[in-house]
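Chemist: The residues making up each chain are set out below.
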Amino acid sequence: MSSPEQWTHPEPGAGPAAEAAQPSPEQVIAGLRATSEGGEELTQLLTPEGERVHSSQFDPYIADIDDEALRGLYRDMVLVRRADREANAMQRQGQLGIWVPLLGQEAAQIGSGRAMRKGDMAFPSYREHGVAYTRGVDLKEVLGIFRCTDHSSWDYKEHGFHPYCIVIGNQVLNATGYAMGQKFDGKVGDDNGEATVTYFGDGATSQGDVHEGFVWAAVYDAPLVFFCQNNQWAISEPTERQSRLPLYQRARGYGFPGIRVDGNDVLACLAVTRWALEECRHGNGPVLIEAFTYRMDAHTTTDDPTRYRLSDELEEWKLKDPIERVRAYLARNGGADHEFFDQVQADADAFAADLRDYCFNMPEPPPERIFSNVYAENSPVLDAQREEFLSYLDGFAAAGEH
Amino acid sequence: MSSPEQWTHPEPGAGPAAEAAQPSPEQVIAGLRATSEGGEELTQLLTPEGERVHSSQFDPYIADIDDEALRGLYRDMVLVRRADREANAMQRQGQLGIWVPLLGQEAAQIGSGRAMRKGDMAFPSYREHGVAYTRGVDLKEVLGIFRCTDHSSWDYKEHGFHPYCIVIGNQVLNATGYAMGQKFDGKVGDDNGEATVTYFGDGATSQGDVHEGFVWAAVYDAPLVFFCQNNQWAISEPTERQSRLPLYQRARGYGFPGIRVDGNDVLACLAVTRWALEECRHGNGPVLIEAFTYRMDAHTTTDDPTRYRLSDELEEWKLKDPIERVRAYLARNGGADHEFFDQVQADADAFAADLRDYCFNMPEPPPERIFSNVYAENSPVLDAQREEFLSYLDGFAAAGEH
Amino acid sequence: MANEDIQKLTIGKAINLGLRRSMEANNRVIVMGEDVGKLGGVFRITDGLQKDFGEQRVLDTPLAESGIIGTAVGLAVRGFRPVCEIQFEGFIFPGFDQIVSQVAKLHYRTQGKVKMPIVIRVPFGGGIGAVEHHSESPESLFAHVAGLKVVAVSNAVDAYWGIQQAIDSDDPILFFEPKRLYHSGAMRTEVDTTATPDPLFKSRVVRPGDSVTVVAYGPSVKVALDAATAAEEEGKSLEVIDLRTLSPLDLGPVFESVRKTGRLIALSEAPSESSLTSEIAARVQQECFYSLEAPVLRVTGFDTPYPPAKLEEHYLPDLDRVLHAVDRSLGW
Amino acid sequence: MANEDIQKLTIGKAINLGLRRSMEANNRVIVMGEDVGKLGGVFRITDGLQKDFGEQRVLDTPLAESGIIGTAVGLAVRGFRPVCEIQFEGFIFPGFDQIVSQVAKLHYRTQGKVKMPIVIRVPFGGGIGAVEHHSESPESLFAHVAGLKVVAVSNAVDAYWGIQQAIDSDDPILFFEPKRLYHSGAMRTEVDTTATPDPLFKSRVVRPGDSVTVVAYGPSVKVALDAATAAEEEGKSLEVIDLRTLSPLDLGPVFESVRKTGRLIALSEAPSESSLTSEIAARVQQECFYSLEAPVLRVTGFDTPYPPAKLEEHYLPDLDRVLHAVDRSLGW
Ligand SMILES: Cc1ncc(C[n+]2csc(CCOP(=O)(O)OP(=O)(O)O)c2C)c(N)n1
Ligand SMILES: Cc1ncc(C[n+]2csc(CCOP(=O)(O)OP(=O)(O)O)c2C)c(N)n1
Ligand SMILES: [Mg+2]
Ligand SMILES: [Mg+2]
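Chains as they are written, first to last, in the UniProt record's numbering: chain A, 1 to 402; chain B, 1 to 402; chain C, 1 to 332; chain D, 1 to 332.
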């Protein structure tokens, strides 16, 4: 496998070193904006300082979240962050072709992921490792994609977690169709209803497919939660390049509710997503949620964010870290002690070590995989191609050349 | 040319005759809705009964419309309706392959079309014969498309009227790019500003491209008026199949103004479009206008609307005819007398006769046209194909077979 | 055999009846597209289905092709078997990304865990005197995309069975229908609805002959057969093969025929550049290298956009152009 | 000749410099796409352009390919000469309808009144160890669409001139760039910026030889040349032709070469079915019917979606597969 470095970086010495980023005034403003609290309409239940904000509308949706449950959410976030950092490091060590970090988006993903139930379905993009984890997908399975041994491997049905999707926004229509199917199957209308959550980014909102998803879901009353993680950036482009208005307001033009939630607040993400899912289960879907969060790392391991954003911006957002506020809340209110936090850290380290072990020992995929599962039923043309190629390969093996 | 009848109709005797339409309750409701006045938010300056409604916001935009000017608008509408009916008839006589009637949409098209100025540009779909006329395009040129002798022929630049577009909605993005160009060229910002109007239907609003046009135009502050003629139907589908909300409200999600105008009121269409164009010229674009109107004829000459809608609906809309209300207003207020109306009718008949003459005598296009203008610069491969084919044809001519 | 088992059907009616049979046999089959419900489609191919199967199984969708195909993907994931109608082939392109990135690849992406039993029905081809975008032949684009299967029917019997077989298949299938023949009385044929149909993905010799082989598909099969009849009068015997499936191509019968005749004409309305007829020529020259007595010749649409319909009689390969190619081949 | 007139450039830098020259020469040239501005594109091909030409000539667009191409059409109507960047070839499909229905057809539709001087730059091909949709070769799809021209560059000199020639052309051009070679030091070449470039739409013999002809384009030209070097050691002399333009194909030099060698290998990373290599085979077997001593053989990607990158070394035609085909051709 050739170096993925080639994606974006000239070879060393190929030209002048990348210049230091010189963000424009527009970027500075964008940065400052991004560090705001997301505006008046932001739903928040836990402040960055770890104080609980009460909401008559949303508190009922987290009435069951006692200290133990909150410790669970905390642990989830720490584990997926640790796994994320490990994967990032493994990419640097050449074990993964690329990694797409979720750093900073743990609350949005764990909160919304934990809001789903067994019969629900999630349609992710490519950054939802945290959601995958909440759906019971072993993160080892996620690694295969980024090690480039497969394009995806988990059992989507068992986990209620569709394959990753790399083409921006087009999974949103697939999710819409799935949710329509839930409705057609009579699974909508009461507390036992099923629903679907589809994930996409701020950049994706510009794609025609996302709009068509809005149109279809509205027209067919699909039980679908559009969960937009607005992490402020689409690679190098700030959200202002996609919209004049806060993204949650997009829903107003279609006639369904849109809401902005603090994407760094796991309680708010859980509550708001549960609320939205309830609406959908009862036939009042769809709902758009904009989770206002921040991509704390690069877009992917091939990206260099210093070219387009100020480090100040990151510093501001660090103050709103999704994990720290839960830790502060638990510590302050006696919901957890040092021992607990240490244990979680140890669990996370073990979790990461396990991933690492697995990754380093992952077997190379066999050449036949190229030809497998192109079709469900066979294709004589392709069968012939496979046979010809495999016997060509055998020729090398026989000649000792391979 | 084989019979365009084949498009949709089984050959006679091929099966049971089409059953009488049996609209569902949903359709009946849709029909009733459609006959409403378009809701409280409808901007109307002339009622179906021909009474002038005053508007402090929009009256200034038609301050110059004295009786003479109004007679002009009346004449425009009568002429294009007459031409439309003539073309429809010519299709029945086999002179056109198909015709796309504008019947009922005269006010929307003449009003908006007359709102444009010389430097403005229009991007039509395929039903905007009335707009074409206001832009100085000879309707004879439009006939070529429907007689299938060419795909379009007028000078788009001279007329500020882009070619027709048949793929639903994708011209909206082209219009957006053009309007961005007007801005980049420094033609926006004052009374002399330029602007663009793009036309599309209610059905088109579902297309991804229309959404992307909204996103782009908003982000680039493009001087673009999105002129949606909501004629209540996309072939057989009522507007409810595209949206939960009135279409003008779609703009709310993007952060620019949307407005619903009585599309059968030429004064309101003129005033509202002028207002929207002024906004755009001054850099406050884009603007969405929903012209609430009705497709009084079939979708095209190959369509049979009795299969999907009630004739009652049409009867209701006839009461809101765009031409009759102007006639009533002019007659009642002494703005025109019988002589005028008779003269207009005579002009219209002559206009139609001229079209008819032209159409019946249109020369067949030469076979070389197949190969012409595929590229601006030549293609040796295609040149060879043309030479080969033309000499093959010559062979027939020589052999007296052709 | 009951009388109603054998029906004289046009191609359009045959597809309509085939759809009906599939919907009766499996309640997960749903039909979706623009105007397919109340109106029965602009060609009336879905006529009567919504009335009998309801609005939840025959969906008049919003007007957007990416939406039609993209939601069909999700419905397929949910276990439905969607049959999408694209109103005219020229309007499939807004849905191209969903076809290429999702429909074609999901089974591969998931190592077989997600099946894509979607049929995308596409009325295609020219000859109906229509305006732009209503007469094209884009099938080669789909044949080039791995993960899709592509079928083109030429007659009522294949239309009746083919649509049912396509719906039964767990693979995504682009199903091209010869629109100018939909309601042609000349193509009305007896369809024995109790027969055992030929397999979907096999080509078929539809007229034996021994001097030149002509391979065609969809609406061009009729042109080839007409040419064969005309050629016969001149004492030339054409063997006509209906490809039936465009991907994966079943060229066995073509190779066999060419080994006999030594000459091949590949016929299609589509532009020739990088097309199915290119593929046929490429494979035949390789497989039958020593049998060919003349190069494979192609009779196709030109490499131009589809012209104004007044010119389509020149654009579309007709009997004369086929015969001309036959003469060139024989005179090589 | 001034020293700065001759620069040693990678392919990536050559395109960057070519873009700069075009933007300097004509202020109607604008660059648009995702991340092309501040970031200089994910491959840095537009690096520095926004800084020097401003935000109105180098547009960081919203994230939607149909929007990029659709607005470029309107800008072209307005008299601009847009150069669109598609971030990776696998993301061009949401823009396919605009390309097929507007970009390719507007000039024809308007009988020449509307020109479409649009360049769509597409990094293509595999070999970078990437995830899905980042390594494909969809060029055949565009070669099949009449009204488009398609170019694929293989080296820095053609990259530097080709992008400028493409921008100068009044026709819409899909400009395919070999992404895995963008920053390859091995491909760094002296580019004489004062030279007179070869015409854009001409293929070229890049290595003469006499036993077998190999025709390739884009990143495969390097593979062909490497194979020729290896073959030489075995005493086989390959003639390598760089197609350079994929539509309209300039096959004159290929015919000439095949008349000399009697053998042809067509090389491409793309799947073979209904592809450019099919077209090459189809035309060569017709034009060189009596010269061919073996059938035209194709060495291509397989007819599968692009596999996980750990397997791409098997998927991509390499030197060994070319040599294997050479042996088969010689042994026919
Ligand atoms: C259709 C398409 N175009 C371009 C890309 C390349 N690309 C990958 S991620 C990305 C930015 C996405 O931004 P956003 O939607 O905000 O999601 P985020 O990565 O921030 O989670 C782009 C342009 C793609 N994957 N698909
Ligand atoms: C992309 C595309 N899909 C389908 C069609 C076929 N078609 C032509 S007109 C039409 C309905 C359009 O309805 P609307 O946008 O309301 O415009 P109207 O015809 O009512 O003016 C359809 C489906 C098309 N031309 N383009
Ligand atoms: Mg983002
Ligand atoms: Mg309409």
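Be careful, since some hints might not be right.
Unchecked claim - Below, a list of computed lysine-lysine pairs in the BS3-like style, where the Cα atoms sit at most 25 Å apart: (1) Lys310(C) to Lys187(A); (2) Lys187(B) to Lys310(D); (3) Lys113(C) to Lys140(A); (4) Lys187(A) to Lys202(C); (5) Lys113(C) to Lys157(A); (6) Lys113(C) to Lys118(A); (7) Lys202(C) to Lys260(C); (8) Lys113(D) to Lys310(C); (9) Lys115(C) to Lys157(A); (10) Lys113(D) to Lys113(C); (11) Lys310(D) to Lys118(B).
Since the hints were made in silico from the structure, they are not lab data.
Chemist: Mind checking the alpha carbons of Lys113(C) and Lys140(A) for me, to see if they're no more than 25 Å apart?
Modeler: The hint holds at about 18 Å.
Chemist: Within a Cα-Cα threshold of 25 Å, do Lys187(A) and Lys202(C) meet the stated pairing?
Modeler: 41 Å, violated
Chemist: Run the distance test for Lys310(D) versus Lys118(B): straight-line Cα separation, threshold 25 Å.
Modeler: Not satisfied, since the Cα-Cα distance of roughly 60 Å exceeds 25 Å.
Chemist: What's the verdict on Lys202(C) and Lys260(C), does the C-alpha distance respect the 25 Å limit or exceed it?
Modeler: Holds. Lys202(C) to Lys260(C) sits at ~20 Å (cutoff 25 Å).
Chemist: Assess, step by step, whether the Cα of Lys115(C) is no farther than 25 Å from the Cα of Lys157(A), and give holds or violated.
Modeler: Judged against 25 Å, a Cα distance of about 12 Å means the pair holds.
Chemist: Taking only the CA atoms, is the gap from Lys113(C) to Lys118(A) under or equal to 25 Å?
Modeler: 19 Å, holds
Chemist: CA of Lys187(B) to CA of Lys310(D), is that 25 Å or under?
Modeler: Outside the cut-off at roughly 53 Å; violated.
Chemist: Would the hint linking Lys113(D) and Lys310(C) be met if the CA-CA limit is 25 Å?
Modeler: Holds, because 21 Å separates the two Cα atoms, which is no more than 25 Å.
Chemist: Lys113(D) and Lys113(C) were given as a pair; does the straight-line alpha-carbon distance stay at or below 25 Å?
Modeler: 51 Å, violated
Chemist: Check whether the Cα positions of Lys310(C) and Lys187(A) lie no farther apart than 25 Å.
Modeler: 53 Å, violated
Chemist: Does Lys113(C) pair with Lys157(A) here, judged by a C-alpha cut-off of 25 Å?
Modeler: With Cα atoms ~9 Å apart, Lys113(C) and Lys157(A) stay inside 25 Å; holds.
When the structure is compared with the earlier hints, violations turn up for hints 1, 2, 4, 10, 11 and for no others.
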